[in-house]
Each structure stands twice: as structure tokens, then as C-alpha cells.
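Each chain is listed here by its residues.
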Amino acid sequence: MILDRTESRSTWRTFFFGLMIVLGLATLSMTLAYRQLFQVEKWTQMIAQSSSRVVKLPAPRGRILDRNRVALVENRPSYNVALYLDEFGAGPKPGKLVKLVRASVRKLEERMKTLNMPPVRVNDHVVRVHYDQRGPLPLTVWNDLSPTAFAAFVERSPWMPGVDSQVEPVRVYPFGTLACHILGYVGKPETSEDEEDENFDSIGRRAFYQASAVGKAGIEKTMDQELQGTPGHRVIKLNAVGFKEAELAHVAPTPGNDVVLSIDWEIQDIVKDAFTGFRGACVVLDPRNGDVLAMVSVPAFDPNLFIPAIKKADWRTLARDEEKPMINRAIQAIYEPGSTFKIVGTLAGLESDQITPSSNLECGGIYYLGDHQFHCWEKGGHGDMDLRSAITMSCNVYFYTLGKKLGGPPLWNMAADFGLGQKTGIPLDHESAGLVGTETWKRATYPRERWNPGDSVNMVIGQGFINVTPLQMAVAIAAVANGGAVYKPRLVLRIETPEKEPVMEFQPEIHNRIHATPEHIQFLREALLNVIENGTGASVRKILNGAGLEKVKVAGKTGSAQFKAHDPNTGEWSKQTRAWMIAFAPYDEPRYAIALIAEGGESGGRTAGPIIGAIFKKLFQMKEHKELPKSMAVAAIPVSTKAGDVEGDASGQLLGPAPSSSEPTADEEDDEPEPPPAALPAEKVNLP
Amino acid sequence: MKTNKVHIFLRELAVDFRWSQVFALVCLMGLSVLFVFSATYHSGGAISDEVKKQCAWFGLGLMGYLLAAMLDYHWLCRKSWFFYVMGLASLLLVLKFGQVVNNSKSWIAVAGYQVQPSEFAKLALLLALCQYFSKQADSLHDWRGIAFATAMAAAPVGLILKQPDLGTALVVIALFFVLIFLAGAPLKFFAVLSVLGLLGIAVVGYETNRFMAFREARLAGRTPAGIKFQSFLRLKEYQFNRILGVVAPDKLDRLLEGWNREQSLIAIGSGGLTGKGWTKGDVTHGGYLPRTVAPSDFIFAVFAEEAGFVGGCVLLILYAIILVGGIVITQRAGDLLGRLLAAGATFLIFFHIFVNMGMTLGILPIVGVPLPLMSYGGSFVLVCMIALGLVQSVWLHRKPY
Chain P
1 MILDRTESRS TWRTFFFGLM IVLGLATLSM TLAYRQLFQV EKWTQMIAQS
51 SSRVVKLPAP RGRILDRNRV ALVENRPSYN VALYLDEFGA GPKPGKLVKL
101 VRASVRKLEE RMKTLNMPPV RVNDHVVRVH YDQRGPLPLT VWNDLSPTAF
151 AAFVERSPWM PGVDSQVEPV RVYPFGTLAC HILGYVGKPE TSEDEEDENF
201 DSIGRRAFYQ ASAVGKAGIE KTMDQELQGT PGHRVIKLNA VGFKEAELAH
251 VAPTPGNDVV LSIDWEIQDI VKDAFTGFRG ACVVLDPRNG DVLAMVSVPA
301 FDPNLFIPAI KKADWRTLAR DEEKPMINRA IQAIYEPGST FKIVGTLAGL
351 ESDQITPSSN LECGGIYYLG DHQFHCWEKG GHGDMDLRSA ITMSCNVYFY
401 TLGKKLGGPP LWNMAADFGL GQKTGIPLDH ESAGLVGTET WKRATYPRER
451 WNPGDSVNMV IGQGFINVTP LQMAVAIAAV ANGGAVYKPR LVLRIETPEK
501 EPVMEFQPEI HNRIHATPEH IQFLREALLN VIENGTGASV RKILNGAGLE
551 KVKVAGKTGS AQFKAHDPNT GEWSKQTRAW MIAFAPYDEP RYAIALIAEG
601 GESGGRTAGP IIGAIFKKLF QMKEHKELPK SMAVAAIPVS TKAGDVEGDA
651 SGQLLGPAPS SSEPTADEED DEPEPPPAAL PAEKVNLP
Chain E
1 MKTNKVHIFL RELAVDFRWS QVFALVCLMG LSVLFVFSAT YHSGGAISDE
51 VKKQCAWFGL GLMGYLLAAM LDYHWLCRKS WFFYVMGLAS LLLVLKFGQV
101 VNNSKSWIAV AGYQVQPSEF AKLALLLALC QYFSKQADSL HDWRGIAFAT
151 AMAAAPVGLI LKQPDLGTAL VVIALFFVLI FLAGAPLKFF AVLSVLGLLG
201 IAVVGYETNR FMAFREARLA GRTPAGIKFQ SFLRLKEYQF NRILGVVAPD
251 KLDRLLEGWN REQSLIAIGS GGLTGKGWTK GDVTHGGYLP RTVAPSDFIF
301 AVFAEEAGFV GGCVLLILYA IILVGGIVIT QRAGDLLGRL LAAGATFLIF
351 FHIFVNMGMT LGILPIVGVP LPLMSYGGSF VLVCMIALGL VQSVWLHRKP
401 Y
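Going down the list, the sequences are from chains P and E. The opening position of the first sequence corresponds to residue 1 in our numbering, with each subsequent residue numbered one higher. The opening position of the second sequence corresponds to residue 1 in our numbering, with each subsequent residue numbered one higher.
Any given hint could be a false lead.
Stated by the list, open to error - Label pairs and their computed distance ranges (CB to CB): (1) E:L92 with P:K107: 38 to 46 Å; (2) E:P186 with P:A33: 21 to 29 Å; (3) E:T292 with P:G232: 34 to 42 Å.
Said to hold, decoys possible - Using 30 Å as the maximum straight-line C-alpha spacing, the simulated DSS-like pairs for lysine-lysine come out as follows: (4) E:K280 with P:K96; (5) P:K42 with E:K280; (6) E:K53 with E:K251; (7) P:K99 with E:K236; (8) P:K99 with E:K251; (9) P:K500 with P:K379; (10) E:K276 with P:K42; (11) P:K96 with E:K52; (12) P:K99 with E:K105; (13) E:K276 with P:K99; (14) E:K105 with P:K96; (15) E:K236 with P:K96; (16) P:K423 with P:K542; (17) E:K79 with P:K96; (18) P:K99 with E:K228; (19) E:K251 with P:K96.
Source of the hints: derived by calculation from the structure; they are not laboratory data. Even glycine gets a Cβ: it sits at the ideal position worked out from N, Cα and C.
Just chain P, with the same shape it has in the complex (with noise of 0.2 Å):
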């Protein structure tokens, strides 16, 4: 065949084309050589980065021991079951691996179907999330399963790729609802830009890690740095379906530490036992050094319940329930501390001479001031009073004398001297500081209003611009019982390693001492002796009596403060009492002191009375009590300056059990007094 004309033309054509081939094969070969010459090492690097992971290694939480090391709080084996969805050897395409962990799921819960299983909560975008954010580590699909179930398990599956049986240790709380409001729970944390940021590490390789519990509240929380410990982490190769193929760097994890509390769980729980049918709280100090023996709240819940993860009707109920069983009342509740406070107005009136123990005044049950009466709880008039029987008999009238008498620093001063309206620095979350109502707090909350001689009269008596937790009452009687010291309540004895090496000793601390002499100090306790033995406090005698322990000397000071509640449900408006005790004992080396708060009780004498009877009874039968000091017969010895625990002098001349003035007519008291005429909303208390 001839060559037609387009010969000629097409030549040029061909060599184009020719060309185009040439420059593409150029191309190739210098892209090649840009990637494997030039690029070598960056291209390598990054197969370290994605052959090796790093995975955390959640260190075992401390432990949570009382003061003899009895756990309280510990770890226990969960028997998990959990898909490894790197061994599902579906490569890195999610979407066959969700497929193939649907097939496998199902196919377990074929097989786990007569055991009533829990529902398997894995669906396609939980494995999704699981495998991109925390491939190598295992994807839970039952938690903490019981034994048998756990065992049904090993048997009836038999080997499946993915999924295999885990270990987890999960937190316990043997004692349950006991101290629950001390040791908090645990759970997971939030999701917070430090922890994205910890997903990857130095080099930007991905880090995995299981997320480990972190406290939630109570001293789960404050301690929660010494209880976490740190976390180990393994460096592994693997290749792209995850299969280990060697480990790189193992970092094992260090153990928390353990954290040693004041607390005596026996102590903890004869209050536990002993508080019922009431809501409140109470707390027990060692008053020789402010050890938190014991700190009740009631209503409790039981933290087991977030273990490993709360469920939401539980949480509903929980967060729902109208008696608030999550607030540690002892420390976050404020209430009016009633005739309480009156041992505050005692040393205040001592110490600014404005009363001696021997001035006297007639009770006739009305006080007036201005137009304004005020009521004595004996309707009738306690009569002739002086100071001692005053306090015995919790005698309104007389200490609205001395509160007009007083004016407002001398009890604001008093008052702060006792810490009160002060943290006290306990090592538990939301704290409540109380209120103690000034001329400047006055002035800064009612602009137009001015501290009058009114607020003076009612503060002295514990109503109005007061406001205490139980602890810091505690920590006021803990100060009369020990002779002046305030000491901050010391809740953490000491921070061990888990093979009891200290870490961290926590000494006692006296956060202030009364400003009182000693005499007068001395004056105060005895007349508290005289609540117990003869006044509105008899009732605690009794059951001592009853118990063949009267050789048990308690010193207290009921109250009953009153306050009006809201039903939210009716809307309707209730007058209500909320039952006080503050008291010590042994008299004359004390060793514990007890604030209690019953609310919606009866009267300090009558409700609170029979609980902090029943709590001494039990606390000095207890084995190692029962052995009383011999010197507890002797009335006039110094209070305990034993073991340093006092700094200072708190001798001074101490008499015995002082005879009281006047024969109480009954042995419960009733002191009712008068609603204030303006007072704190506390909690859940509103007044019209």
C-alpha cells in the first residue's frame, strides 16, 4: 500500500505522541526518584509512627483504709467480656469490621441466651468511635458479670477470633452505704482537651489508653491525685490488623497510694446504727486532736452503685429524690444552730464582763423588746435563774438579756473564734462556710437595714443571722472539751504506699484557740456536765444509766431550732424543729465530741437526746472502752493535757460537778423559741 498524503502531515503528529510517552515516562521516573532518594527518611520515620502504638497501663487505685487499716474502700477483680476488634482482621476499613463484629455479636448472643445476659449495648457506631480512637484495647460488650455467668461463658464459646474474656479491677465498697458521704465514688472522667491531647504522644504516635476511674466526689476527689497513681504504658509493634508482634517498652504502672483516714469504721457505723428515722447528720471528734472519728449523714446512698458505671434510673432516683441522699449534710447543710450557740454567748458575756456566773434574772417566759416579745420555751418562766441554771435549763429569756446586753462583736468575735462562718478545711468537696451575720454582712445584704439590738437577741439564742454545718458545731464543743483549741478536723491521717510506707503524715492542727480564761472555760463545761446530769439533756443520762454506765460523765448542750419549710408538692408551709445536740465525753478526759442534727425532730432533749445517748452507750462498751480511766471517779483533775495534744495551759482550778441552782421541774426541755422575725433561707428552708 502507498503512503497517502497524510503521510506527511501525520509525522509530526507521531512524534508528539512519541513525545507525550517519553515526558510521561520522565515524569515517573523523577517522582520515583524524589521519593525513594530524596524522601527516604521521612517516609521511613513515619513507618515507625504507625507500626507502633502505645498503650496505657491504668495503674490500680489506692486503697481507702480507717484508722486501724480496715479497707473501706479497695478494688475487686470484674470479669469482663470484650471484642478485640484488631484481631477481627478486617484490616483498616471500618465498615467490614463493623459487619464482621455485628456477625460476631450476634452469634455470642446466640450462644449466651438461656443465661439472661444483660443486652449487648455494641452497635455499629460504638465500634466505629472504639476503633478509631482506641483500637488495640479491648471493646467491653458485658460488664462484670457474675461468676456462673462468667463461667457459662468460658464453656459455651469456644475460641471465636475477637473475642476473649478480660480481667478489669473495678472499685468496691465492702461497708456499702457506710461512710459513703466521706469516701465518695469513682467514674469516668470528662472528656477534656488535656486528655485529646494525652491521645498522642511526644512523637505524635497515637497513644491509646483505657480510661481509668477518677474520683467523683468526697475524698474519691480531693485524694484522687495520691489514689491514681501512674499509669504504666507498653510501646507494641503491630502490624495493620493489630496482631502484636512485639512489645518495644513496657513501663509498668505504679499502684496508687493508699490513703489512711481518721475515721473508725466501728465508730462510723454504731452512729450509722444509732441515727434513724430522721434525716441530719452527725459527726464525732476525737477533741484532743480534732480526729474526724466519725461523720454521718442521713440519708446515705450506696456508691457500689456507680461501679463500674451508674445506671441512669438509678441516677434519676438518685438525683431526683427529695431528701437529697448525695449531700454530705454534716459539711455542705447550713442550719440555725438553736440553743447550741448559746455556749458561744456564755463565753462572750464571760469574757466581755457583762455577765458573771452568778448574775441573776427572773424568768417570767416573755421577753420584750420594744413592742417586740420574745418567748422563753417554758411558757410559764424558769424564774429566778443565774448562769448555770440558765444553761441548764437552756433559759431564753436570760440569754436575751445578755444578747441585748452584748450588742452584736462580742458574739460575732466569739462566734469567729469558735470557727464558725469559716471553712473549717476539712478535705472534702463543698464545704459550706456557715454564716455569721455582722453590721457589714447586714448592711451588704439589706442596704436600708442596720445590725439592731433585735438581731443581737436572737443571734445569742442560735436563730436568725446564724448558720453552722454540724462539723463546725462539732469543732466549737471539740474546743469547750478540750479547753480553748480549735483544731482543724482532721479527716487523712496519712498517705502510705501500698506497702505501708508513709508518704504523708498529716499532723494535728490547732486552727485557733477561744479567747477565754481558762476559769471560764472550766465554768462552761461544768455547766454543760449539769445539761446532762440534770437539764434539758437528761435523756442522754438515762439510757447511760440504763446501760450501767454512770460512771460515764457527758457534758452537751441540746437545742431545737425552728424553722418554717416549704412543701413543694402542696405548697403549703410547715413549722418545723430541727433536733440539736452538741456533746463530750468522757467529762474529764474527753475524748470524744459529738454534734448531731436531726431534722424535723422533736426537740434537742427528746430526739436528739436518746440518739447521742444510744451512741455514747455503745462507744463505751465498746472492748477498749470499756476499761474506764480510774481518775474518771475523781471528779477534779485537770482536762487531758496528755500527749501534747493541748498546747498550752488548760488547767486551773476545776471543780466538781457543779450542784445545780435549781431542781428542773421536768427532765426533757421544750425550748421553743420564738420564729425569728427575719432568718437565713438554709437549706431547703424558706421562710415567708
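Dock chain E against the given chain P, drawing on the hints supplied.
Positioned in the frame of chain P, the structure of chain E alone reads:
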């Protein structure tokens, strides 16, 4: 006497045969078997099914190669209408009965083997267009001729897009332009075409940009996850993601959309000058390079990781032998038909090489285009070898008998 004639014919053939092409072909077949073996090595030492199937296809391919080389291409092209109709029919069949793999209906099972009709349709179209242009060389000077040729190409392209298989469709479109260029279509046409092409690139660029904004909005949670990106180009999100892989790889999630590209680059880049040794590539054998695509579309990444730059050069030289040989044959072809056929077949091979290596090297978006004579995959092996046979045939039958 007759046997003697055949004997002489064969001896002449043997002398005339372009042995360089055969040499390169045999070398590539050897490399292909070796590295398909390596890419599928994980299944534990034993020779994998893929290797066996590849060998079988090479056997079949060799027969196809020899047959195509022996047969006079004039005769073949005269029958091209038959192949063309068969090609269209098979494309229709696959749309009706095909199997969906990776979201596209490109495969059909024939006697237990997976066959890709679109590959054969490429060849059929090549033959048909060559025949048309050589017989109607002057027709390209008026628009009706161009329109007719365009329609011929548009039919299979439309059916392939319907599968959808964008990669193969692009190959066919490129082939069409190369053929009408070589057949002598007026330059005005190409001027218009380049303007349209630039416009197209601008539009795709604009849409990609819009997609990027959409992606960011979704990642930031401003767009609900269920809403898909709508483009009038009818491109899917994954296709935009692949474009982004080239222009803005940082924008992609390395573990999802960016995975294949990055692992391919890691495999190639870490191969270095001399490579890691046969079956010793840890990116491939660790399974980072997805095992489903390693022996097929990403065989070059496996090869470059294990054989290094040196190996890559050897491979490129082998391809150069075939391609440059093809260009030479194009120039020395006996007639327009031969020139078009040799050029078209050579271009088919070249375009696949360029697109495939370009995407594994990270300079082109990832499209499912295999590497000629290396990638595992039956139909394509067969088609490539037949194409080479056609080039050989153009050479052998260049003189009129």
C-alpha cells in the same frame, strides 16, 4: 510444499519478530508473578491462589499475544464492527448481571473467573475507531465525521460510567482523543478541546474547594453527619476525597480517606535505593497497604518497597522498551490503519502505566486503574497482551504481501 511455505513464513516471522518486545514482556511477566506472590505472601509461605491464577492468565495471555501478532491486523480490523457490537453487548450484560464490587458493577463471572467486559470493550473500540478513521480519513475534516466518531466512543463510555467506573471511562476518552489526533483531526478541534479541558479543570477545582468547606463544616459539627455533599458534577464524596488526597492531603483523615495513599507512599518511599528485599517489605506484609488492593492496583507500591529505586528503574526501562518500540512501530507502520492501531495500543499501555504509577506515587488522584503486565487481574492481563500482540502484528504485517 505447503508445509514448506508455512515453514518459510514462520522463519521469516521469527527473523522479523521484535524480540525486544518479547524480552520485555517475559521479564515483566516474571516480575509480576514474583511480586503478586510477595503481595499475597501473608497467607503463609504457600503459593497463593492469586499467583496460580495470574500464571494461568499469563498462559492464556501468551496465546492471545501470539494469535494477535500472527493474524493480519487488516483482517482483524475488518471484523472490528463485530467486536464493537460484542463489546457493547457485554457492557450491557454486566450492567444487568454483573456483581457489585466496591460499589461498582464491573465484573461478571464466566466459568468461575471474574471477567471485566470494559477491558475488552477498550480493545474493541480501538479496533473499530482505527478501522473507521483509516477508511474515512477525510471525514475528520467535517464535523459530521467527528460527531460520528464521538458517538462511537460515547456509547461504551456511557455504559462504563453507568457501572460506575470513572477510571476506565477516562482511559477510553483519552484513547479516543489520541486516535483522532493521530488520524489528523483539525487543530482547531484540539484548541476548542483544550479550552474546554481547562474549563473542566476549573469547575472541578471550584467544586473541590466547595467540598473542602463542606467537609470542614461537617467535622466541626455544623452540618449533620447524614447530609451528603451535592455536586452537579455527580461526583461522589470519596472521589472528591481522592482529589483532595493530591492537592491537600493534610485535610484528610489519615486513618480513613487518606490511608491508602499514605501507606502507598510510605511503602515506596521507605524502599529507598535498593529496597527491602523480596517479601521483606514491612508496610506490605504488615498489612498497612490494604491487602485487598496490594496485588492489584497497588502492586507498584509493593514492588518499589521491596525492589527500591534500582528495581523501579529496571521496571521503567522494561516499560520503555515496550513503549518506545511501540512508537517506532507507529512511525514505520505500513499504512494509516497500522499506525493508528500501534499508536492506540501503545497508548493504552502507556496511559495505564502513567495513571497507575502516578497515583501510587501520590501525584494523581487514586483511581482504580491497574498497572499493565504487573497487576494481578485476569482480563486486564489478557487485554494488555493482546494489545502488545496487535503492535507486533502491525510490525510483522507492515509490508504488503
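Hint-by-hint comparison with the structure:
Checked against the hint of 38 to 46 Å, the C-beta distance between E:L92 and P:K107 comes to roughly 41 Å, which is consistent with it. Checked against the hint of 21 to 29 Å, the pair E:P186 and P:A33 fails, with Cβ atoms roughly 39 Å apart. At roughly 37 Å, the beta-carbon separation of E:T292 and P:G232 lies within the given 34 to 42 Å, and the hint holds. For the hint pairing E:K280 with P:K96, the CA-to-CA distance comes to about 27 Å; that is within 30 Å, so the pair holds.
Restraint check for P:K42 and E:K280: satisfied, since their Cα atoms lie roughly 20 Å apart, inside the 30 Å limit. Proposed proximity of E:K53 and E:K251 is contradicted: the alpha carbons are some 39 Å apart, above 30 Å. This hinted pair checks out: P:K99 and E:K236 have alpha carbons roughly 23 Å apart, not beyond 30 Å. Only pairs whose Cα atoms come within 30 Å are accepted, and P:K99 paired with E:K251 is accepted, the gap being roughly 28 Å.
The hinted pair formed by P:K500 and P:K379 fails the criterion: a straight-line CA distance of about 60 Å is larger than 30 Å. Taking the CA atoms of E:K276 and P:K42, the gap is near 16 Å; set against the 30 Å cutoff, the hint holds. A distance of roughly 27 Å separates the Cα atoms of P:K96 and E:K52; the hinted pair therefore holds under the 30 Å criterion. Distance check on the hinted pair: P:K99 and E:K105 sit about 21 Å apart at the alpha-carbon level, within 30 Å; holds.
Among the hinted pairs, E:K276 with P:K99 is inconsistent with the structure: their alpha-carbon atoms are about 35 Å apart, more than 30 Å. Proximity of E:K105 to P:K96 is assessed by CA-CA distance (about 19 Å); at most 30 Å being required, the pair is judged to hold. About 20 Å separates the Cα atoms of E:K236 and P:K96, which keeps this hinted pair within 30 Å; it holds. Annotation: proposed proximity of P:K423 to P:K542 is violated, straight-line Cα distance about 35 Å (limit 30 Å).
In summary, the hint linking E:K79 to P:K96 is not supported, as the alpha carbons are separated by about 45 Å, beyond the 30 Å threshold. A distance of roughly 22 Å separates the Cα atoms of P:K99 and E:K228; the hinted pair therefore holds under the 30 Å criterion. Our distance criterion of 30 Å between C-alpha atoms is met by E:K251 and P:K96, whose separation comes to about 24 Å.
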